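From first to last, the protein sequence lines stand for chains A and B.
Residue numbers for the first sequence follow our numbering, so the first one is 236 and each next one is one higher.
Residue numbers for the second sequence follow our numbering, so the first one is 21 and each next one is one higher.
Hint data in this document are derived by calculation from the structure and do not stem from the laboratory.
On a predicted model such as this, the values are computed, not experimentally measured, just so you know.
Treat the hints with care, since some could be wrong.
[Stated by the list, open to error] Simulated pairs of lysine-lysine, DSS-like, Cα-Cα distance not exceeding 30 Å:
(1) B:Lys85 / A:Lys277
(2) A:Lys302 / A:Lys291
(3) B:Lys27 / A:Lys277
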Amino acid sequence: QKEVEQNSGPLSVPEGAIASLNCTYSDRGSQSFFWYRQYSGKSPELIMSIYSNGDKEDGRFTAQLNKASQYVSLLIRDSQPSDSATYLCAVATDNDMRFGAGTRLTVKP
Amino acid sequence: SAVISQKPSRDICQRGTSLTIQCQVDSQVTMMFWYRQQPGQSLTLIATANQGSEATYESGFVIDKFPISRPNLTFSTLTVSNMSPEDSSIYLCSVETPGRDTQYFGPGTRLTVL
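This is chain A alone, in the form it adopts within the complex:
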């Protein structure tokens, strides 16, 4: 049973649109939640972290967390072609961190 689930995509949005990436997790003891961006051929890069219910905004990125529904999402506003990448959701407990399989996002000019 997968512990962190993401839609593998590909998700395609036009330039300037909002891209919405979703992630669900199974461990109710999860405390910390992260989004990583991975460009093709590169290593994952941390872009957002969120620890409490609600929204957290950083520039064009907004992370949303709902612990009751065991759901975390990432919104990318005004999407740019440079946002085209695979986005990995990561969920951490006291003991470890688990990664989702990633959602491939393509932003078309």
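Take the given structure of chain A and dock chain B to it, following the hints.
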């Protein structure tokens, strides 16, 4: 965030040989991790390397195949032993910096086994 380097960045190896990958961090960290990422796949944790103790391996990974050293708080190595083409992958080290519960990744080592 920590600055992490890995050597080599890529290598092509023959079946049956071994390759040692180095991971160097610019600051002292307690937790270091080794991952494998096969093409188009997500990250698979191989083991957690703590300084001064044996590495902790995940299910499906064994010390004889993936021996790990962690001689100090800024350095670790992963050896891929007796390689087969199935070991072709990107190997990534990551660190958890003190006071933060997230991981930062090195640039990765792209291994091809012929």
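Okay, the hints, checked on the actual structure:
1. B:Lys85 / A:Lys277: holds, 25 Å
2. A:Lys302 / A:Lys291: holds, 14 Å
3. B:Lys27 / A:Lys277: holds, 15 Å
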